[in-house]
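S.K.: Sequence:
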Amino acid sequence: MKHGKTLCPCFLQEWWSAKPSQCVPLASSPNPSCWRGFLCERVLSLLAHAGYIGEFEIIDDHRAGKIVVNLTGRLNKCGVISPRFDLQLKDLEKWQNNLLPSRQFGYIVLTTSAGIMDHEEARRKHTGGKILGFFF
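According to the working numbering, the sequence shown holds residues 127 to 262 in order.
Warning: the hint list may mix true and false statements.
Below, simulated BS3-like cross-link-like pairs (lysine-lysine); rule was C-alpha separation at most 27 Å, straight line [claimed, not checked]:
#	residue 1	residue 2
1	K203	K192
2	K251	K192
3	K256	K216
4	K192	K220
5	K220	K251
6	K203	K220
7	K216	K203
8	K192	K216
The following label-pair restraints were derived from C-beta to C-beta distances [unchecked claim]:
#	residue 1	residue 2	range
9	G191	Q230	17 to 25 Å
10	H188	G241	21 to 29 Å
11	H188	R249	21 to 29 Å
12	G205	A174	16 to 24 Å
13	D217	R189	37 to 45 Å
14	S208	S171	19 to 27 Å
Keep in mind the hints are simulated off the structure, nothing from the lab. Idealized CB from N, CA, C, for every residue including glycine.
Assemble the whole structure, with the sequences as input and the hints as a guide.
M.R.: Next comes the structure, spelled out in structure tokens:
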């Protein structure tokens with residue numbers, strides 16, 4: 127995802143299951159927006175913490191709410207894994223090899239009993255969970 131490129135604002139639509147018709151068209155805008163949701167907010171905070179996107183702003187319109195994302199041009203690909211496969215800690219290396227382009231590049235997003243986190247945090251906390259998706 128290049129900064130300033132014409133982009134459907136639902137580039138992460140699969141994360142929060144928004145329909146393309148619900149997205150706000152922002153042709154050639156570096157700040158796409160989409161509907162607000164807990165999973166969306168948590169995944170975007172992981173992306174921002176890793177430096178793949180800039181800040182994101184939550185807009186409260188007294189309805190569902192929207193999130194405006196500041197793209198930095200560093201995000202190459204993100205995807206969702208469906209169905210959400212169970213991931214034990216011992217299988218993490220196999221999933222990293224299958225999903226990520228190289229070592230120490232990109233993240234796998236997991237949902238665990240300790241919350242939504244990336245694979246590195248799950249390894250530090252020594253916990254497994256279900257795979258939500260990946261980004262690099």
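S.K.: If a hint holds in the structure, say so; if it does not, say that too.
M.R.: Evaluated hints:
no. : hint                       : in the structure
1   : K203 with K192             : holds (22 Å)
2   : K251 with K192             : violated (32 Å)
3   : K256 with K216             : holds (13 Å)
4   : K192 with K220             : violated (36 Å)
5   : K220 with K251             : holds (19 Å)
6   : K203 with K220             : holds (19 Å)
7   : K216 with K203             : holds (25 Å)
8   : K192 with K216             : violated (38 Å)
9   : G191 with Q230: 17 to 25 Å : violated (35 Å)
10  : H188 with G241: 21 to 29 Å : holds (28 Å)
11  : H188 with R249: 21 to 29 Å : violated (41 Å)
12  : G205 with A174: 16 to 24 Å : holds (18 Å)
13  : D217 with R189: 37 to 45 Å : holds (41 Å)
14  : S208 with S171: 19 to 27 Å : holds (22 Å)
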